[in-house]
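**Q** So you can see what is in the structure, the chains are spelled out below.
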Amino acid sequence: VQVWLLLVALGAAVVSGIQVVWQTHEVRRLHAEMEDMHTKQDELLAEYSRLLLERSTLAAYQNVERIAQTELAMQFPETVERLDQ
Amino acid sequence: MKVWRHYLLVVVFLGFCAALVARVGYLNVANSEFLQEQGDARTIRTVSMPAFRGVIYDRNGEPLAVSTPVMSIWADPSLKRLDIQGVDRLAGILGIDPVGLQMDLAANPNREFLYIKRRANWNEYQQVLEAKIPGVHFQREYRRYYPASDTAAQVVGITNIDDQGLEGVELAFNEQLRGQYGSKVVLKDRRGEIVKDLEYLEAPRFGKDLELSIDLRLQVLAHRELRSAIERHQAASGSVVMADAHTGEILAMVNEPSYNPNDPADATRVGLRNQAITDTYEPGSTMKPFTVLAALASGRWHADTQIPTSPGTFRVGRLLVRDPVNRGTITLLQALQKSSQVAIAKVALDLDERAVFEVMSRVGLGEYIGIGLPGESLGTLTDKGLRNPVIRTTLAYGYGLALSPLHLTQGYLTLASGGLRMPLTILRQNAPPRSERVIEESLAREVVTMMESVTAPEGTAPGARVSGYRVAGKTGTSRKVGVGGYDDKRHVALFAGMAPATDPRFVMVVVVNEPKGEAVGGGSVSGPVFGRIAAGALRLLGVRPDAEPVVI
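Top to bottom, those sequences are chains S and R.
Position 53, counted from 1, in the first sequence is what this note's numbering calls 54; the numbers after and before it change by one each time, with no gaps.
Position 301, counted from 1, in the second sequence is what this note's numbering calls 1313; the numbers after and before it change by one each time, with no gaps.
These aren't lab readings, by the way, just hints derived from the structure by calculation.
Check each hint, because a few of them may be wrong.
[What the hints assert, rightly or not] No farther apart than 25 Å at their CA atoms in a straight line, the calculated lysine to any residue pairs in the SDA-like style are these: (1) Lys-1196/R <-> His-32/S; (2) Lys-1200/R <-> Glu-36/S; (3) Lys-1208/R <-> Arg-1057/R; (4) Lys-41/S <-> Glu-1153/R.
Values in this document were obtained by computation on a predicted structure and should not be read as measured data.
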């Protein structure tokens, strides 16, 4: 019986040892993954802010109005007119 | 002989072992703290984790202020890793003088940090990165861009180099907008690369975004019209404030002169100030609707009550009230339409001492408004000396008090909403405003209807009309106070109004300060600005025309 107990204890020690190794590895792996994601988040936010600026530059109302008037020859209606049905 | 050699070796080896154990024990036990510290000092670093400042949006989600990362490029002159070839390539990309850079590096051989270019933009950074020049390092910083540029400069404000708000919304909502840098403890290797994170001291906190009530489309429109009017009349400055008549949200707030917040060196003292809320003027005749309102509330006066104004002058104590021409006998409606000083003076003297003051104070003139921007002025509206008929008379046509364009907006907002006073705000609101009834609805509506006559062809501001819509408003022209009393040459031209008159969608106040030339009056200077902005705004907001349409 004592031999059995000893063997079980030995087995448990080995398993827990492997567990520790595995956990440490897992922590490292997950940490690296988190770092990657942090970096990615950062890059995406930076990208987003640049795109936001680019869009607002291109779609500035002054710009839209200029293109509408010069390239598309559009104009504001001078009076409100209504077609009667 | 063999035996003692054997023992000698054993003793020597044991001696070595003992020495090693002793040394290990010494390092680990006696000296461990000191060594641990020294080791950590070489490998463990606290690094900061950057965080963005929040974006400021307009009510439709257009960005007004955006932080974007930029890279500062630096080198370590003491390592001498940046060679002449590298300097040439770097200078070529960044467009700087290679000789100067080389000399800078040579002149500081002991420094470990030298900026080559601060806040290089992203394209430059990418190019330098791709060129893989040895000895070049990067440091991330943030730069704030203002896409709306000078259109909304005073409202949005600016930040300083440390990303803290200095002016406008950036200052007022700094706590909410600012990002808080986090920090963590890391293990670095000999080359300064991070090997492992040891501990997070503080997570970075990103700034919260902010949605303003400003509509950038209206802001652009108002700014353009104001600027062209100021050029046309060679005026010193001007402001336009537009507010939603249903919610009290500020839709546009523009000032001229302005500045480009992307280039703070451009900011002049005048341009930096949000004159729409900081500067006060005598409101002049724009106060007459409130006098008329007080008259109607008394029950003794009606729109068609006759008032004799002949011969065009009227004496109240030491004060001589004057109309530009003798208008004869006119109705109360015409007194408002033609802006007759004499008629309004007679109305004011007939009313209770406090009647006009009470109306003005109830609609919110001369009080702290609190839209949430720094530098808001209080204005002056007091009930001192109301027993004096001269004071009552001047108050009735808007002299002897000082209001900012924002106050005027608040007053007219109360008229436009049918007598409901609601708080003006610069932030976009999702819930209906807390409003308080301060004026009887029928009275407010009647005054608004009477104010429509001002923009009729025979009124003082036909230029404020908008085709297809009914526009109500009131002109005002006041002289500025100079040395020794009122200055006849310096005027303030005002127009305050609302559209469409049947169910106002917005109220707008236009102030042009010190116009020069023939036209200096509110009707001829500020009225047309109102008309042009209102025409565009009504179209942009999709407001249904309420005037008789032209049927084709």
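**Q** If a hint holds in the structure, say so; if it does not, say that too.
**A** Status of the hints after comparison with the structure:
1. Lys-1196/R <-> His-32/S: Answer holds: Lys-1196/R to His-32/S is near 14 Å, not above 25 Å.
2. Lys-1200/R <-> Glu-36/S: holds, 15 Å
3. Lys-1208/R <-> Arg-1057/R: holds, 11 Å
4. Lys-41/S <-> Glu-1153/R: holds, 17 Å
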